[in-house]
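Protein chains in written order, with numbering that gives the first Met the number 0: chain Z, 0 to 355; chain X, 0 to 355; chain F, 0 to 355; chain C, 0 to 355.
Derived by calculation from the structure, the hints in this document are not laboratory data.
These numbers were taken from a predicted model, which means no experiment stands behind them.
Please note that the accuracy of each hint is not assured.
Which copy? The list can't say, so a pair holds if one copy fits it or any two copies do.
Result set (DSS-like, lysine-lysine): computed pairs, CA atoms no more than 25 Å apart in a straight line [claimed, not checked]:
{"#": "1", "residue 1": "K278", "residue 2": "K319"}
{"#": "2", "residue 1": "K65", "residue 2": "K3"}
{"#": "3", "residue 1": "K308", "residue 2": "K278"}
{"#": "4", "residue 1": "K309", "residue 2": "K278"}
{"#": "5", "residue 1": "K65", "residue 2": "K28"}
{"#": "6", "residue 1": "K186", "residue 2": "K309"}
Number of protein chains: 4
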Amino acid sequence: MYYKTAGESHGHGILALVEDFPAGLEIDKSKIDLELRRRQGGYGRGERQKIETDTVDILTGLWQGKSTGAPITLWIRNRDYRIDTAPEITQPRPGHADLAGSIKYALPIRPILERASARETAGRVAAGALAKQLLEKHGIIVAGFVRSIGSLSLPTPPEELAPNELLQRRNSSELYTVYPEHDTVLKWRIDEIGNTGDTIGGVIEVRVFGAPIGLGSCMQWDAKLDGKLAQAVMSIQAIKGVEIGLGFESARTLGSVMHDPIGYDNTLLQTPSQGFVRKTNNAGGIEGGISNGQPIIVRAAMKPIPTLKKPLDSIDLNSKQPMPTIYERSDVCAVPAASVVVENVVAFEIARQLKS
Amino acid sequence: MYYKTAGESHGHGILALVEDFPAGLEIDKSKIDLELRRRQGGYGRGERQKIETDTVDILTGLWQGKSTGAPITLWIRNRDYRIDTAPEITQPRPGHADLAGSIKYALPIRPILERASARETAGRVAAGALAKQLLEKHGIIVAGFVRSIGSLSLPTPPEELAPNELLQRRNSSELYTVYPEHDTVLKWRIDEIGNTGDTIGGVIEVRVFGAPIGLGSCMQWDAKLDGKLAQAVMSIQAIKGVEIGLGFESARTLGSVMHDPIGYDNTLLQTPSQGFVRKTNNAGGIEGGISNGQPIIVRAAMKPIPTLKKPLDSIDLNSKQPMPTIYERSDVCAVPAASVVVENVVAFEIARQLKS
Amino acid sequence: MYYKTAGESHGHGILALVEDFPAGLEIDKSKIDLELRRRQGGYGRGERQKIETDTVDILTGLWQGKSTGAPITLWIRNRDYRIDTAPEITQPRPGHADLAGSIKYALPIRPILERASARETAGRVAAGALAKQLLEKHGIIVAGFVRSIGSLSLPTPPEELAPNELLQRRNSSELYTVYPEHDTVLKWRIDEIGNTGDTIGGVIEVRVFGAPIGLGSCMQWDAKLDGKLAQAVMSIQAIKGVEIGLGFESARTLGSVMHDPIGYDNTLLQTPSQGFVRKTNNAGGIEGGISNGQPIIVRAAMKPIPTLKKPLDSIDLNSKQPMPTIYERSDVCAVPAASVVVENVVAFEIARQLKS
Amino acid sequence: MYYKTAGESHGHGILALVEDFPAGLEIDKSKIDLELRRRQGGYGRGERQKIETDTVDILTGLWQGKSTGAPITLWIRNRDYRIDTAPEITQPRPGHADLAGSIKYALPIRPILERASARETAGRVAAGALAKQLLEKHGIIVAGFVRSIGSLSLPTPPEELAPNELLQRRNSSELYTVYPEHDTVLKWRIDEIGNTGDTIGGVIEVRVFGAPIGLGSCMQWDAKLDGKLAQAVMSIQAIKGVEIGLGFESARTLGSVMHDPIGYDNTLLQTPSQGFVRKTNNAGGIEGGISNGQPIIVRAAMKPIPTLKKPLDSIDLNSKQPMPTIYERSDVCAVPAASVVVENVVAFEIARQLKS
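Using the sequences and the hints given, assemble the complete structure.
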């Protein structure tokens, strides 16, 4: 099971092709649409999200609402189609693919930014939302949320927080955090930054509950679950760091504190951990590249969006003279939206391990 | 171009099979041996490294010392062969693949730990050291070094530090840092931790100098260079976090500060940047999943080694009763060694992009 | 560069997703449509072809008519959409995926036949027709034609026949043979078989002119050009045999006769053969898994279509009682159509070798 | 599960790396050696086979004689090591990779022929012989045999011939046919051809007994079992044609005769066919790219060996002047040996389908 995306920001639409999805599963299109809408929401988004109200069309792979083992095509039509008439840009924007992409492909900036745009993540979210329906059948819940906006960090949600309560709290926050009571201060901060024409990033966390022991492998470097999660997350637009469990903090932690002692509780035999209990989960649910029955914990650092109202220094590609960047509509803070993307790409990676 | 490894810690040896390596390159075996020796060195290593003195045999793929386009087999023979007679272990060690691996593969712990062992990284280093000979031809230098041991962090080496000076300083440090003048305090700290039977991790940085614009792609999520680097690095034993450029710090940085302004200097047309200059390199040389001609900067967090003299709490897999872990020989701190591994896996990922 | 297809016979449409197509090529949609129409034509086709008049929509990957390096989505809409309401079939048809597919995927026959249907080849033809535009730029011509219908074989077109003349003759034959003067007798034979409610297959040949020396590789079994062509062709619906050059005849030929002597003619230095000339081309342009500069010759055997007016013996999947197959509309002879498919899948395999 | 080979004809040895082989299987090295010896035997082989007596060393992936899920390295050491000192050849041999390979890789002929040599098939046989031990556990038998030598064809062995009797007859034939009583005439023919300095090919058949319904897939072109078998077989040195079931004969057969009627016999519920019986097996056990529970039948055409005592016309690569080929030791007829190769590559492809 894997997927590829296609499509441009102002082209006909965004597509995800999902291969090797198991046959016989009832697919609920509305659950995919819900994730697409979540991706478009979150405090801090800009004008584009008002133009597009993404819903998915399932073009192939279903029969009477069920998967059949055939490739599934998820199609999210763009309303704002104008790729061929959109104005050319000749000042590459720092932080985007503009400069390197136009040199690599020997093309103007427009076709590069159209494909490199974060609108592509609509396809990744759709694929993940499909994968989640498979996870649901296996009792696996994937929950993504915002941990910090810029330098404003929220506390680590306690390990004991039940998946459903975590999701409920997250869903009642405009910023997709687990602490909706702090929305006001975060929104105030985003507004403040937006008013100066600037942008801000943040940190996202995803927890996977109910994953069985044995996803991934210790047998080959490119089969390890942590490696696959790292690739999937780091390849999301604007992500600059990925951690599992304690992550960078583990570099500062003693071995006797870091490693999660193994206990046994035979009343938990029927749970994903098969009775093997841990007092801590510093490993973030993955040891030796394999899931160990504890919640899987992934964190990602998102940089501030590189399209700013306040122009950045650049040059004109033709004249090579200094020329500031031009502002296309954008967001001040897309961390909540990105949390939806990270959640769904993690979901897909977990689901694809179930098969093998 | 890609590679796979094979082999067990106390089996016949460790192997790396490198496919699609370009034909016609003179291969210097001694350069691979040098990296293997560096992997075995660094202050803080334990007894095993005295038993093995790794050198590579190139079993296939060369003709009269040159690559031919055929698959290249790198073979590092183990001296300490005893996989079939090594004592069985029934207490899974926290932080290792022991528990999850033996459940996934329905095997005792011994065969799992034999393959999951960090000795496998000898193969990854050999493959990377081969790839470096290709990079060398393209004028690309990959330099890995230690940034911190536990909570003892060294300063960020200045961007202006020339590759050769960086390497020279790194090579004169017993801890593979760029600040050999601080070796004493770091060694003292490692000894102190070792004396308590504990272990400690750290942070590693790799800089790639001379990479051209255009490695990787913005066209598909799994073709992005940052994603590929993240997978390669996160899949190394004991790595729990990966960053590109500013990494997690970027989540706390304003957009107007984060993004590296683009300038132009036509005296630099013949350099990898093709004349496109940046005042900063917060992006770490990758924008939109593509190298942008600036140095590529990757950091990795290594957890403390999970094999401790001081036993950790575990259980016996047969009786399910509590039983502490047993100590096999190990290291107190393998961060210098891991810096060699990270350097070489990054080198391979960069080299494989050159072809496509 | 590779492609996947998706879509069902009576679903919304058939899709081909082409990855890693080079950037900067002007794409002519009408050339794809032409191949789609050719696939629907040829004497012997049935009613379905009158319902569908296939044309392609290019949903992604183009900017101002040019490829950009982004994934290209080719979409062929079905007019005859009725997958969810089409009557269930409970008698598996011999020669189809019906029986094995419904057991493998634990589904009724309908969803299996919908995906296994030869209508899927519209996607393969579209991908090949796109690839041909890349081949054209390299001066490579791929020409497929019919060699026999049932036991009626046409002569081997002489090696000297120029590509354009071959194509001209092929294009003036209703049966896509190189001998339009024999159309009448072949059509008479097809009618005769159709009148008995039966079906008939045939042999198809594809010649690739202008392919350079060096496509494929001798370095790994799965990189050989002949192996890749064999997979691509054998995986087409109803194909049961594939040959390169002399093919099965080579098993009966002496070594001294089989192998094509190598000569040299420096007036041909600028041709694909780089001056290396051959008196014969029994190898069919591939030696050691690599193209050798001579025309590449592939032949395929097509079985008779397994959907017959005359019912075949089968059973009812529910009752397990004997029950004859039911006739869905079909063709008497689809060899001309299949020649278009073989031509285009060969074209794609050749084109994807150009990159590497 | 897949494999790659490495190694040169006169290098240190030939290697096969098998990935994702299931854990927990007792591996019998002697069964691999047996296949390697069979590959070296068969009437018509030349001098090289007297120098090498191939046996396998299993370098990685086993623990106490069992597979562990780790990559398995099969190593067949060459006795005749002399790759770096073997004389250079400057006349490319027609029918070999010599010309195209040396141009593609910009190397002399020697390194090309060393890798392209059929000695590489020792690795493919070893991988297949390993895979057979997995098949054995599933009750699947793969039997390869010679159907014809040059124009001397043997009858089609009856469908009813039991696997074990087929193997017994095959094993008592010096030419690996099912009709040992005809060995004399075939040997006489081979001698006759050898005396003239010429070579001869033939046709090979492989039957797979006991394969379950559902191997392969109808859902994607590159997942079809027949396509995978065709690639695997066509990529073997000297193979120019591949057929499934009736193969090319099916192009001449009416639909009503070709397609195997489906019946049901509930006394056969526990067999691979799950009770679905066929009066004929013209499909060769594969319908719609999926195994259907009947014996899988694959045939391959082998061209005569292109290394002849009788020189062929060629040129000198340096002077470009006509110059006949030089004779390196070789065989007159390697069809029996090739039948072992085809058998084992088919076995591997079947086995790798069992997992997914």
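Evaluated hints:
In the homo-oligomer, the alpha carbons of K278 and K319 lie at most 25 Å apart only across protomers (16 Å), although the nearest pairing inside one protomer, at 59 Å, exceeds that limit. For the homomeric pair K65 and K3, the shortest alpha-carbon distances inside one copy (21 Å) and between copies (21 Å) are both at most 25 Å. Proximity of K308 and K278 under a CA criterion of 25 Å is satisfied inter-copy only: 21 Å between copies versus 48 Å inside one chain copy. Taking the shortest Cα distances, K309 and K278 sit within 25 Å of each other only across copies (18 Å), while inside one copy they are farther apart (49 Å).
Taking the shortest alpha-carbon separations for K65 and K28, only the intra-copy value of 11 Å comes in at or below 25 Å, while the best inter-copy value is 33 Å. In this assembly of identical chains, the alpha carbons of K186 and K309 lie at most 25 Å apart only when taken from the same copy (20 Å versus 48 Å across copies).
Violated hints: none; the structure is consistent with every hint.
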